[in-house]
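Chemist: For the protein sequence lines, the chains are P and D, in the order given.
Okay, so the first sequence: first residue is 319 according to my numbering, each after it adds one.
Okay, so the second sequence: first residue is 319 according to my numbering, each after it adds one.
Hint data in this document are derived by calculation from the structure and do not stem from the laboratory.
Certain hints may be false.
One copy or any two copies: either way a pair holds, since identical chains are not told apart in the list.
Claimed, not checked - Pairs of lysine-lysine, DSBU-like flavour, derived with a Cα cap of 35 Å:
{"id": "1", "residue 1": "K380", "residue 2": "K814"}
{"id": "2", "residue 1": "K380", "residue 2": "K517"}
{"id": "3", "residue 1": "K346", "residue 2": "K517"}
{"id": "4", "residue 1": "K765", "residue 2": "K380"}
{"id": "5", "residue 1": "K801", "residue 2": "K614"}
The primary structure of each chain is shown beneath.
2 protein chains.
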Amino acid sequence: MQNPNALESRKRLIAVARGDAPADLVLKNAHYLNVFTNEWLDGDIAVAEGKIAGVGGNYDGKEIVDAAGKWVVPALIDSHIHLESTIVSPREFAKIALAHGTGTVVTDPHEISNVIGTDGIRYILQATEGLGLDVRVMLPSCVPATPFDENAGALSAEDIDEFYENPRVLGLAEMMDYVGAYSSDATIAKITAAHAHGKIVDGHAPALTGRVLDGYVAAGIYSDHECDNYENALEKLRKGQYIMIREGTAARNLAALSPLLTPQYASRCLFATDDKHPNDLLEKGHIDYIIRQCIKAGIDPILAIKAATCNAAQYFSLRGKGAVAGGYDADLLLLDDLNSFAIASVWCGGVLRAEHGKTMPLPTPAVDEKLLERAKNTMHANTISAEQLSCGKQPVIGLIAGELLTTDCGVAENIDVSADILKVVVVERHKNTGHIGIGYLKGYGLKRGAVATSIAHDSHNIIAVGTSDEEICAAVNHLIAAKGGICVADGENVTKLPLEIGGLMTETPMEQVNEMLENAKSAAYALGVNPQIDPFMSLSFLSLPVIPALKILTNGVFDVTTFSYRA
Amino acid sequence: MQNPNALESRKRLIAVARGDAPADLVLKNAHYLNVFTNEWLDGDIAVAEGKIAGVGGNYDGKEIVDAAGKWVVPALIDSHIHLESTIVSPREFAKIALAHGTGTVVTDPHEISNVIGTDGIRYILQATEGLGLDVRVMLPSCVPATPFDENAGALSAEDIDEFYENPRVLGLAEMMDYVGAYSSDATIAKITAAHAHGKIVDGHAPALTGRVLDGYVAAGIYSDHECDNYENALEKLRKGQYIMIREGTAARNLAALSPLLTPQYASRCLFATDDKHPNDLLEKGHIDYIIRQCIKAGIDPILAIKAATCNAAQYFSLRGKGAVAGGYDADLLLLDDLNSFAIASVWCGGVLRAEHGKTMPLPTPAVDEKLLERAKNTMHANTISAEQLSCGKQPVIGLIAGELLTTDCGVAENIDVSADILKVVVVERHKNTGHIGIGYLKGYGLKRGAVATSIAHDSHNIIAVGTSDEEICAAVNHLIAAKGGICVADGENVTKLPLEIGGLMTETPMEQVNEMLENAKSAAYALGVNPQIDPFMSLSFLSLPVIPALKILTNGVFDVTTFSYRA
Numbered sequence: 319m320q321n322p323n324a325l326e327s328r329k330r331l332i333a334v335a336r337g338d339a340p341a342d343l344v345l346k347n348a349h350y351l352n353v354f355t356n357e358w359l360d361g362d363i364a365v366a367e368g369k370i371a372g373v374g375g376n377y378d379g380k381e382i383v384d385a386a387g388k389w390v391v392p393a394l395i396d397s398h399i400h401l402e403s404t405i406v407s408p409r410e411f412a413k414i415a416l417a418h419g420t421g422t423v424v425t426d427p428h429e430i431s432n433v434i435g436t437d438g439i440r441y442i443l444q445a446t447e448g449l450g451l452d453v454r455v456m457l458p459s460c461v462p463a464t465p466f467d468e469n470a471g472a473l474s475a476e477d478i479d480e481f482y483e484n485p486r487v488l489g490l491a492e493m494m495d496y497v498g499a500y501s502s503d504a505t506i507a508k509i510t511a512a513h514a515h516g517k518i519v520d521g522h523a524p525a526l527t528g529r530v531l532d533g534y535v536a537a538g539i540y541s542d543h544e545c546d547n548y549e550n551a552l553e554k555l556r557k558g559q560y561i562m563i564r565e566g567t568a569a570r571n572l573a574a575l576s577p578l579l580t581p582q583y584a585s586r587c588l589f590a591t592d593d594k595h596p597n598d599l600l601e602k603g604h605i606d607y608i609i610r611q612c613i614k615a616g617i618d619p620i621l622a623i624k625a626a627t628c629n630a631a632q633y634f635s636l637r638g639k640g641a642v643a644g645g646y647d648a649d650l651l652l653l654d655d656l657n658s659f660a661i662a663s664v665w666c667g668g669v670l671r672a673e674h675g676k677t678m679p680l681p682t683p684a685v686d687e688k689l690l691e692r693a694k695n696t697m698h699a700n701t702i703s704a705e706q707l708s709c710g711k712q713p714v715i716g717l718i719a720g721e722l723l724t725t726d727c728g729v730a731e732n733i734d735v736s737a738d739i740l741k742v743v744v745v746e747r748h749k750n751t752g753h754i755g756i757g758y759l760k761g762y763g764l765k766r767g768a769v770a771t772s773i774a775h776d777s778h779n780i781i782a783v784g785t786s787d788e789e790i791c792a793a794v795n796h797l798i799a800a801k802g803g804i805c806v807a808d809g810e811n812v813t814k815l816p817l818e819i820g821g822l823m824t825e826t827p828m829e830q831v832n833e834m835l836e837n838a839k840s841a842a843y844a845l846g847v848n849p850q851i852d853p854f855m856s857l858s859f860l861s862l863p864v865i866p867a868l869k870i871l872t873n874g875v876f877d878v879t880t881f882s883y884r885a
Numbered sequence: 319m320q321n322p323n324a325l326e327s328r329k330r331l332i333a334v335a336r337g338d339a340p341a342d343l344v345l346k347n348a349h350y351l352n353v354f355t356n357e358w359l360d361g362d363i364a365v366a367e368g369k370i371a372g373v374g375g376n377y378d379g380k381e382i383v384d385a386a387g388k389w390v391v392p393a394l395i396d397s398h399i400h401l402e403s404t405i406v407s408p409r410e411f412a413k414i415a416l417a418h419g420t421g422t423v424v425t426d427p428h429e430i431s432n433v434i435g436t437d438g439i440r441y442i443l444q445a446t447e448g449l450g451l452d453v454r455v456m457l458p459s460c461v462p463a464t465p466f467d468e469n470a471g472a473l474s475a476e477d478i479d480e481f482y483e484n485p486r487v488l489g490l491a492e493m494m495d496y497v498g499a500y501s502s503d504a505t506i507a508k509i510t511a512a513h514a515h516g517k518i519v520d521g522h523a524p525a526l527t528g529r530v531l532d533g534y535v536a537a538g539i540y541s542d543h544e545c546d547n548y549e550n551a552l553e554k555l556r557k558g559q560y561i562m563i564r565e566g567t568a569a570r571n572l573a574a575l576s577p578l579l580t581p582q583y584a585s586r587c588l589f590a591t592d593d594k595h596p597n598d599l600l601e602k603g604h605i606d607y608i609i610r611q612c613i614k615a616g617i618d619p620i621l622a623i624k625a626a627t628c629n630a631a632q633y634f635s636l637r638g639k640g641a642v643a644g645g646y647d648a649d650l651l652l653l654d655d656l657n658s659f660a661i662a663s664v665w666c667g668g669v670l671r672a673e674h675g676k677t678m679p680l681p682t683p684a685v686d687e688k689l690l691e692r693a694k695n696t697m698h699a700n701t702i703s704a705e706q707l708s709c710g711k712q713p714v715i716g717l718i719a720g721e722l723l724t725t726d727c728g729v730a731e732n733i734d735v736s737a738d739i740l741k742v743v744v745v746e747r748h749k750n751t752g753h754i755g756i757g758y759l760k761g762y763g764l765k766r767g768a769v770a771t772s773i774a775h776d777s778h779n780i781i782a783v784g785t786s787d788e789e790i791c792a793a794v795n796h797l798i799a800a801k802g803g804i805c806v807a808d809g810e811n812v813t814k815l816p817l818e819i820g821g822l823m824t825e826t827p828m829e830q831v832n833e834m835l836e837n838a839k840s841a842a843y844a845l846g847v848n849p850q851i852d853p854f855m856s857l858s859f860l861s862l863p864v865i866p867a868l869k870i871l872t873n874g875v876f877d878v879t880t881f882s883y884r885a
């Protein structure tokens, strides 16, 4: 149980705190945030053994950083993210997140677990062990998302149980099954198992209110990150849920929820990004961006910073996180300026990880070779041929720009590019079943070629749309050959972004990935895709059968309003 | 791991929350405290499966309590108590505590563990399992209190390790060894073991400040209950410790520390009693008394109630405690009046435990027979004779009324009642070593007879003071025959309070115990004891060798200033 070094390490920390031994690092004359007393104080911050030894005294150390005139706050915590949404490996994500002052992220490996089951959890845990960014894991609660999804396999309470032993596993991730949370033994068993392990359960209950919300809360679900309006958030907060104010790439709720950041409510508020794409991370930032927005909106910086630090630590029972105080992890940000939240330096566990937006070289966590091979070989589908895509009359799904909702546009029998009727297919790729769901799509705008992606929520089969069966086959087969990713194909012109890890992520650096992604987008727009929609994201959510009206799965067009396939 | 009933129980709770099934109990139209939003709200409180199902809706239930015009708050939490200080068994204590609105106490079985080692922890755990009052345990960290103490045996990190498995064990109790916390491997090993189990460590560091406090905090000690002034408390709070505002029987810090109960600091404040004697409990109350004092002093009742409920739950990671909200334990108080904090009814785990100061019959926890026998037979000493008490010149310890400090009053060779020089002895009673420490005492005032008690901190040997060796022997031998307790002896007139459990507690109801104790006090005062001092408490602390100047141990008079025996 005991780390043999824990005792020696603690002894040295105590000695440094007392001034009996030099610190590893001292931030001299810092203006630091005291999250316990809600005030800015001045003094030295002494760091040793990866922890803060003491604060406020006049400390000596091997390395001295002059922090005079600068602010020091705890490194930031993202309370809910799917690392897969960044489409890079955890290590490549960490490089960017650290540069933006993030010290800890709580990730739900929901996407990769749909592709490789519990190996997805294993992969995320191994790929983040000792990474330099502190990555904590909530176990995916809803794999697959629905009984109609064809993914790599269902995860039961028993399947995920062993992971609770890992101290970096904090609980059960967003319980999306807010019908099942009332009625399904399998779902409630997952919740009660998390409780039995002394762990928490995150919620996901958009717009849930009144008595049904009471039922959901009574299930033992302690937070929500799906509030898009103040009233719903306040109702959930009153009922005891922590509110994760989500400001990600697709869903942005900060403007609606920032009125909660007052002394009356703020202690129950956290920040989360949920999904965060490369360009958004690179251009706007991460949790630091949220804090900047808060400060701009006139919110007390202390309340905003606490939502990103000690409040999250409190919710997740991360005892050593989220404060500039003795005994706490030395996860620290040095700010050149508070109002612009200009981050000069970032330390995690006492190690300097980034300076002025530049990340230092990070450790490379060792992922078990077989596991990595499994994660990089998830394309279990034969190449397809145009004949397989012939179909009779099929429903037409209507895309709405800027929405995940779709409309029911009747039926079609053929592709009609001039009328913007394209064919859309979902190719099963986990178990080589040969299942291909086929339908039509209106509103996408493609005039030539085809677009395919293996990021297709939540089962992450291959979804493709095209102007002919042949073009669709070409794009899908390119993806199969690339072991997943994104592909825009127009005859010989093929633009690809290979995502070799689970068909979701790549080990290529984020800047390069972003460039490739932007190139692919440009290629798609050049082929006619409606400039009001994201060519890939719009497809990625077309296969998520929980948002009305019509979606497409591996067995055809699915009517979310009746929760059944269209005959 | 999973309770087989957890699933069915959770399902019913959800159904009740949704209004699909009747509650067990509904408090109708209550004016209840929402600790999350710091406001009073109106609505029903539905209880099922020992938990709150939902709040605010219009609920139906098997039992309806009209709460209109009344206040509902969470039941109260005592964050630090030694149950032994009440000198009754946990069950007899619970009867009184519940009547005063206490739902949870966090106890440190330090006293009984000095007498019977880890069996003391076992006894407290067994004697409180399913009691009706929720009793949580912090493992004693400093048994014995000093290397000079002769107690039943030392408890190492290894000795107490197994108890961390028990979900009612929350951590390591008050680390009194604030010298050792810097220097002793054995002490630091206890702390790092608690950390490794994911548990907390309470502090005990009177007046510690500056760099030495930094060292103590850096050791990983998360709270302090020994602040007797605002400045010291604020320093500790700033450094990250939770402040347990202690208002017990002997030590009362509320007046000094209540200025912390402001919005800026209150979230880091808890309430504790530490030591609480029968008359104080019966006359003034428990944590309810502290809240009443706060309200009288003009403190926002919400802040005071939170210190006694959700703040404590947060500190101890008691996830289901301290709020009137769905999914939380139905530990509830119905108040007739908020300002006088007049408690009408008390529910714990959904069971009505007290009404208007009267406790319902409580369950009787089953204590293992052999364990109980061990706990009730702790007098391992032969009767003594006057010859054993002869001594040459010995130091004279000077008592100061109302203080635990003593003075050095030189030496004496004989008892001199007219000069108030009495003999004081400590008889070892754990291992039948025959050790008897002998010295003289000034300031006690006894004119006839002798007084003896087996409550003698922290080792709980027998301490006795008397006007002759024969009278001392008589009192000590009465105590040995009674298996411990308190005795006032004047020839044939013997007033006894037997404390059969470890020589510290009794299964006699508290009201009766209090009467017997008052009788014994009267008897002692009648024999001349200085009316300004407590005849028994003053002796109990004479054997605690951590408070200057002179104390008495089993091997003689001990000089705390030099931390050695007087030659």
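Chemist: So, for every hint listed, does it hold in this structure?
Modeler: Going down the list of hints, with the structure as the test:
Taking the closest pair of Cα atoms, K380 and K814 never come within 35 Å of each other, the shortest separation being 49 Å inside a single copy and 65 Å across copies. In this assembly of identical chains, the alpha carbons of K380 and K517 lie at most 35 Å apart only when taken from different copies (32 Å versus 39 Å within one copy). Taking the shortest Cα distances, K346 and K517 sit within 35 Å of each other only across copies (33 Å), while inside one copy they are farther apart (38 Å). With identical chains, the CA atoms of K765 and K380 are never at most 35 Å apart, being 64 Å at best within one copy and 66 Å at best between copies.
Taking identical chains as interchangeable, the C-alpha atoms of K801 and K614 are never at most 35 Å apart, the minima being 44 Å within one chain and 71 Å between chains.
Consistency with the previously given hints fails for numbers 1, 4 and 5, ordered from lowest to highest.
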